[in-house]
Amino acid sequence: MLKFIKTLFSNKKHQAGSQGKDTLRLSKSVTKNLQFFRELLTDDDLIIYREFEHQGNSALKYAVIFVNGMVNDETINENIIAPLIEFSFEVETGLKESLLDFLIKKILISAKVRREKVVEELINAVLYGNTMLLVEGVAEALLIDTSEFKHRPITEPRSESVVRGSREGFTESILINISLIRRRLTCMDLKLKMMKIGERTHTQVCLCYLEGVAHPKIVAEVLQRLQKIKIDAILESNYIVELIKDAPLSPFATIYSTERPDIVVANLLEGRVALIIDGTPFALTMPCLFIEFFQANEDYYTNFLYASFNRLLRFGGFFLATSLPAIYVALTTYHQEMIPTALLLNISAAREGMPFPTVIEALFMTLIFDFLKESGVRLPSPIGSTIGFVGAIIVGQSSVTAKMVSAPIVIIAAITGISNFLTPKILGPIIFMRLFLLILSSILGLYGYIFGVVAITIHLMSIRSFGVPYMSPLTSFKIQEIKDTAFRAPWWLMNYRPKLIGDRNPVRQKKSEQQSEGSE
Amino acid sequence: MKNLKLIFRLFLLVFLVFNLWGCWNYIEINERAIGLSLAVDYLPDQELYLETVEIGTPVIIAEKSSMESAIFQETGKTVFDATRNLILTVGEKILWNHFRVVIVGEALLQEENKLIGLLDFLRRDNEPREDLLLVLSKEKTAAEILEKTHQNKGEKIVAIHLDNLFKNEKYLGKYKAVPLWEFAMKLATSGVQPVMPAVKLTTYQEKIMVIPSGMAVFRRAKVVGYLDDLETKYFLFVIDEIKGGVIPVQTEIQGETVRLTLEIMDSSTVIKAVKQAGVLVMQVKLKTTVSIAEIQTSINFIEPKLRKRLQEAAEATLERRIQLLIKKVQQQDQSDIFGFGMIVERQMPKLWQHLRANWTEIFTDLKVKVEVNLEIQGSATISKSLEVGE
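Respectively, the protein sequence lines represent chains A and B. First residue of the first sequence? That's 1 in the numbering used here, and the numbers climb one at a time after it. First residue of the second sequence? That's 1 in the numbering used here, and the numbers climb one at a time after it.
If you're looking for bench data, these hints aren't it; they were derived computationally from the structure. Here the structure is a predicted model, which is why all the values come from computation and not from measurement. Be a bit skeptical, because a hint or two may be false.
Stated by the list, open to error - The following residues of chain B were derived to be distant from chain A, with all beta-carbon distances above 12 Å:
{"no.": "1", "residue": "Q46"}
{"no.": "2", "residue": "E68"}
{"no.": "3", "residue": "D240"}
Unchecked claim - No farther apart than 25 Å at their CA atoms in a straight line, the calculated lysine to any residue pairs in the SDA-like style are these:
{"no.": "4", "chain 1": "A", "residue 1": "K403", "chain 2": "B", "residue 2": "L172"}
{"no.": "5", "chain 1": "A", "residue 1": "K117", "chain 2": "A", "residue 2": "K191"}
{"no.": "6", "chain 1": "B", "residue 1": "K93", "chain 2": "A", "residue 2": "L446"}
{"no.": "7", "chain 1": "B", "residue 1": "K93", "chain 2": "A", "residue 2": "I443"}
{"no.": "8", "chain 1": "B", "residue 1": "K93", "chain 2": "A", "residue 2": "G353"}
{"no.": "9", "chain 1": "B", "residue 1": "K156", "chain 2": "A", "residue 2": "G353"}
{"no.": "10", "chain 1": "B", "residue 1": "K2", "chain 2": "A", "residue 2": "H335"}
{"no.": "11", "chain 1": "A", "residue 1": "K403", "chain 2": "B", "residue 2": "E92"}
{"no.": "12", "chain 1": "B", "residue 1": "K2", "chain 2": "B", "residue 2": "E28"}
{"no.": "13", "chain 1": "B", "residue 1": "K138", "chain 2": "B", "residue 2": "L172"}
{"no.": "14", "chain 1": "B", "residue 1": "K2", "chain 2": "A", "residue 2": "H459"}
{"no.": "15", "chain 1": "A", "residue 1": "K403", "chain 2": "B", "residue 2": "V59"}
{"no.": "16", "chain 1": "B", "residue 1": "K5", "chain 2": "A", "residue 2": "K403"}
{"no.": "17", "chain 1": "A", "residue 1": "K403", "chain 2": "B", "residue 2": "A70"}
{"no.": "18", "chain 1": "A", "residue 1": "K403", "chain 2": "B", "residue 2": "E28"}
{"no.": "19", "chain 1": "B", "residue 1": "K93", "chain 2": "A", "residue 2": "H335"}
{"no.": "20", "chain 1": "B", "residue 1": "K93", "chain 2": "A", "residue 2": "L343"}
{"no.": "21", "chain 1": "B", "residue 1": "K2", "chain 2": "A", "residue 2": "A247"}
{"no.": "22", "chain 1": "B", "residue 1": "K2", "chain 2": "A", "residue 2": "L249"}
{"no.": "23", "chain 1": "B", "residue 1": "K156", "chain 2": "A", "residue 2": "L343"}
{"no.": "24", "chain 1": "B", "residue 1": "K200", "chain 2": "B", "residue 2": "H161"}
{"no.": "25", "chain 1": "B", "residue 1": "K93", "chain 2": "A", "residue 2": "M338"}
{"no.": "26", "chain 1": "B", "residue 1": "K167", "chain 2": "A", "residue 2": "H459"}
{"no.": "27", "chain 1": "B", "residue 1": "K5", "chain 2": "A", "residue 2": "S462"}
{"no.": "28", "chain 1": "B", "residue 1": "K5", "chain 2": "A", "residue 2": "H459"}
{"no.": "29", "chain 1": "B", "residue 1": "K140", "chain 2": "B", "residue 2": "K170"}
{"no.": "30", "chain 1": "A", "residue 1": "K403", "chain 2": "B", "residue 2": "G91"}
{"no.": "31", "chain 1": "B", "residue 1": "K207", "chain 2": "B", "residue 2": "T57"}
{"no.": "32", "chain 1": "B", "residue 1": "K93", "chain 2": "A", "residue 2": "A247"}
{"no.": "33", "chain 1": "B", "residue 1": "K5", "chain 2": "A", "residue 2": "V67"}
{"no.": "34", "chain 1": "B", "residue 1": "K5", "chain 2": "A", "residue 2": "E352"}
{"no.": "35", "chain 1": "B", "residue 1": "K156", "chain 2": "A", "residue 2": "A247"}
{"no.": "36", "chain 1": "B", "residue 1": "K5", "chain 2": "A", "residue 2": "H335"}
{"no.": "37", "chain 1": "B", "residue 1": "K5", "chain 2": "A", "residue 2": "L249"}
{"no.": "38", "chain 1": "A", "residue 1": "K403", "chain 2": "B", "residue 2": "E68"}
{"no.": "39", "chain 1": "B", "residue 1": "K156", "chain 2": "A", "residue 2": "L249"}
{"no.": "40", "chain 1": "B", "residue 1": "K167", "chain 2": "A", "residue 2": "F451"}
Glycine included, C-beta positions come from ideal geometry on N, C-alpha and C.
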């Protein structure tokens with residue numbers, strides 16, 4: 001069975017590779033070339049082929065090919081066609097080879113022009129908004145960047161809004177995204193490597209890192225993994241995440257994704273590598289550690305005490321979201337002696353005459369919460385609020401009054417659901433952990449719960465992200481390494497970058513003179 | 001093949017986990033009756049144990065649920081037999097984890113083994129807690145305590161009432177909570193005898209209430225006497241367990257009999273066993289800090305001279321009271337509830353080997369010296385006594 005699937009996949013790869021267009025060549029005649037491209041790009045009515053020649057000298061024949069709607073027509077009219085029609089020159093025999101260079105240097109008014117022979121490259125460029133200029137007598141073409149397409153303005157990202165901090169978020173255009181990063185990080189160590197991934201989409205991907213800070217081995221590893229990708233389409237950054245991430249079966253993310261340029265820059269400065277992908281506002285940074293899901297960018301923009309308090313809240317929320325239903329079920333069905341008497345009496349009163357066992361109630365209510373959440377996510381906000389209303393009143397209140405579920409479980413489900421959102425980036429893993437622990441503790445009580453926690457801990461401890469242990473700073477005993485974990489140390493104490501990632505250039509800030517004097 | 005091996009190993013791992021879980025005990029809360037207090041009596045003519053249990057029962061009126069309690073009664077040949085028989089009347093198995101109080105009937109104390117049987121069951125069973133409180137009923141039967149209080153309509157749960165009562169002992173110092181483990185420990189240790197708080201019923205405005213009524217003094221597993229409220233307080237002084245309460249003092253100052261109350265802030269007692277002229281003497285040294293809580297005169301005690309007089313008077317009162325108590329216990333009850341034997345064992349282990357066998361007789365004639373060191377720390381929020389103007 002496995003073999004069969006393997007052969008299936010390998011066949012597909014073969015088909016994709018055997019289309020080899022690079023054997024095709026351009027000819028010296030404009031008319032022939034146009035014919036050639038017309039045949040190649042058949043049934044695509046949006047491609048415009050425009051033939052023209054110099055007003056006086058009909059020996060100077062040209063043609064432009066571009067895609068309607070993806071180019072700026074004015075640029076083509078005024079900067080390409082107009083000068084070529086008006087500007088006359090003698091075609092000398094010796095000039096023919098360097099004719100294109102002559103055009104680039106003296107006639108074409110454009111910042112981005114390049115020569116290209118490869119047909120596949122030419123077509124891809126045209127499809128991305130470039131204009132191809134064919135010249136009579138030359139078996140080569142010029143690619144002039146005339147691309148202009150509409151993009152979303154830079155807005156505050158909806159998934160990561162802040163009270164204090166930059167309100168800029170990435171857009172779908174890779175160039176704008178890179179500009180957002182570069183504006184924050186104007187230093188020559190910032191390296192940006194462009195590449196294209198996706199055999200059909202040719203999605204532009206930009207690999208960013210800070211030379212001298214990022215570990216070259218990590219950069220090389222990322223590059224190597226990217227080069228191995230042979231998928232036909234990259235529509236969102238998660239395609240890349242799943243293709244290159246460590247621990248591919250684990251629900252835990254080992255690559256961080258964000259919509260915010262300030263987070264990307266902060267991660268670059270700690271020695272991480274970032275990937276910006278065209279067509280999605282979600283950039284990726286790696287290596288990614290577990291602790292990153294508890295660190296919000298706002299932690300670094302507000303008072304460190306307040307930020308540390310928020311950190312602790314997030315850890316508490318994580319604990320509640322994963323464990324509360326499990327512990328409730330374990331205590332009420334196995335360890336009644338551990339509940340304070342008054343509370344036990346209340347729970348007992350609430351559970352009187354309930355038709356379902358506590359486990360079923362817990363599963364049902366937490367799942368209902370997930371249903372409500374999932375149904376509300378993609379709905380327009382007016383309907384979304386209806387969902388909230390239905391969830392709160394009908395499901396919450398009525399199920400208790402109708403004696404379908406007991407009141408404590410509704411409270412438990414609500415607390416669990418709310419504490420989910422303290423760490424919004426690991427909603428997925430939390431749901432799995434919660435179910436896993438809930439089922440275990442319903443079979444074995446606290447004993448099962450502890451086993452579940454042990455299993456999850458072993459799993460988390462075994463993961464690595466690009467060679468860096470996933471739990472690394474949490475397991476350290478050194479002050480400099482744990483300064484940014486459960487607490488966020490004030491900036492004047494954060495003298496070093498995270499050890500395992502930014503070790504190449506460990507000093508973030510030199511200790512100020514005052515401090516060093518004080519320590520002496 | 002490899003996969004099969006892996007699956008087998010995983011199966012083994014999971015299977016082992018299931019074997020190691022110990023007591024698998026899945027219970028839905030509403031399937032068990034939550035027991036709160038238990039009254040145990042013995043019916044000698046029928047040779048049956050009579051158990052009365054207080055069960056927490058939810059009362060649901062128009063969506064609002066509250067907790068009340070109901071009592072059930074059943075008999076059995078042994079304590080555990082009666083306990084299981086309770087299912088006949090309760091209808092559900094009783095959850096023992098949350099028992100707060102066990103009320104012991106006097107009939108149970110006629111024979112030593114009856115009480116021992118009860119204690120053994122409570123400690124042997126895995127559900128009851130070691131810290132549940134033991135209480136002796138001064139009424140005819142222990143069941144009466146539960147039955148009569150349940151005649152009041154809309155009363156709170158007796159177990160919780162008693163539990164709160166014993167939690168607040170530190171403000172009064174007239175009774176002492178004795179958890180199961182402490183009673184059992186003292187029963188098992190030679191050189192100390194157990195005590196148990198007693199409760200009785202009282203009626204106020206046709207409402208029947210349970211109130212504490214001193215302590216029962218045990219010799220082995222038998223009651224030999226009682227301490228009243230005041231004696232209990234001085235008993236607590238000796239065993240260094242007084243945490244609060246008041247000392248009323250009466251003294252003569254300037255030809256006037258003055259009554260005032262001192263509040264105990266802190267007290268520590270050190271007992272030493274010493275040999276004086278070949279005779280074993282217990283030295284009980286009290287170091288007590290008090291503050292003036294109430295003065296029934298306008299004499300100003302903030303003056304150092306008067307304060308000194310007051311201090312001496314209080315010291316003398318305390319000393320005399322404690323001496324009286326010890327004498328009474330020595331001669332009437334002949335039971336070493338103070339744990340003097342344990343102190344001798346600790347401080348003079350060799351001597352203890354000789355005394356151990358007939359410690360009860362030795363205790364009766366033991367010489368005890370009491371020394372009180374009282375410090376008046378302050379006078380609460382006013383310094384001068386209330387002056388009465390003309």
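Taking only the CA atoms, is the gap from K2 of chain B to H335 of chain A under or equal to 25 Å?
violated, 41 Å
Is the straight-line distance between the alpha-carbon of K156 of chain B and that of A247 of chain A 25 Å or less?
violated, 58 Å
Hint consistency between K140 of chain B and K170 of chain B [alpha-carbon to alpha-carbon, up to 25 Å]:
violated, 29 Å
Has the given pair, K117 of chain A with K191 of chain A, been kept, meaning a C-alpha gap of at most 25 Å?
Status violated; Cα separation ~28 Å.
Given the hinted pair K5 of chain B and H335 of chain A, is their alpha-carbon gap at most 25 Å?
Status violated; Cα separation ~37 Å.
Does the alpha-carbon distance linking K403 of chain A and V59 of chain B stay inside the 25 Å limit?
Holds - the C-alpha atoms of V59 of chain B and K403 of chain A are around 15 Å apart, at most 25 Å.
Pair hint K2 of chain B and E28 of chain B, alpha-carbon separation not exceeding 25 Å:
violated, 42 Å
Is it true that the CA of K5 of chain B sits at most 25 Å from the CA of H459 of chain A?
Judged against 25 Å, a Cα distance of about 21 Å means the pair holds.
Restraint check for K403 of chain A with E28 of chain B, where alpha carbons must lie at most 25 Å apart
The given pair, whose Cα atoms are some 16 Å apart, holds under the 25 Å limit.
Is the Cα-Cα distance between K93 of chain B and H335 of chain A 25 Å or less?
Status holds; Cα separation ~16 Å.
Checking one constraint from the list: CA of K93 of chain B to CA of L446 of chain A, max 25 Å. Satisfied?
Judged against 25 Å, a Cα distance of about 23 Å means the pair holds.
Given the proposed pairing of K93 of chain B with G353 of chain A, does the C-alpha separation stay at or below 25 Å?
This hinted pair holds, its Cα atoms lying about 16 Å apart.
Going down the numbered hints, you'll see the structure goes against 2, 4, 5, 10, 12, 16, 26, 29, 32, 33, 34, 35, 36, 39, 40, while the others check out.
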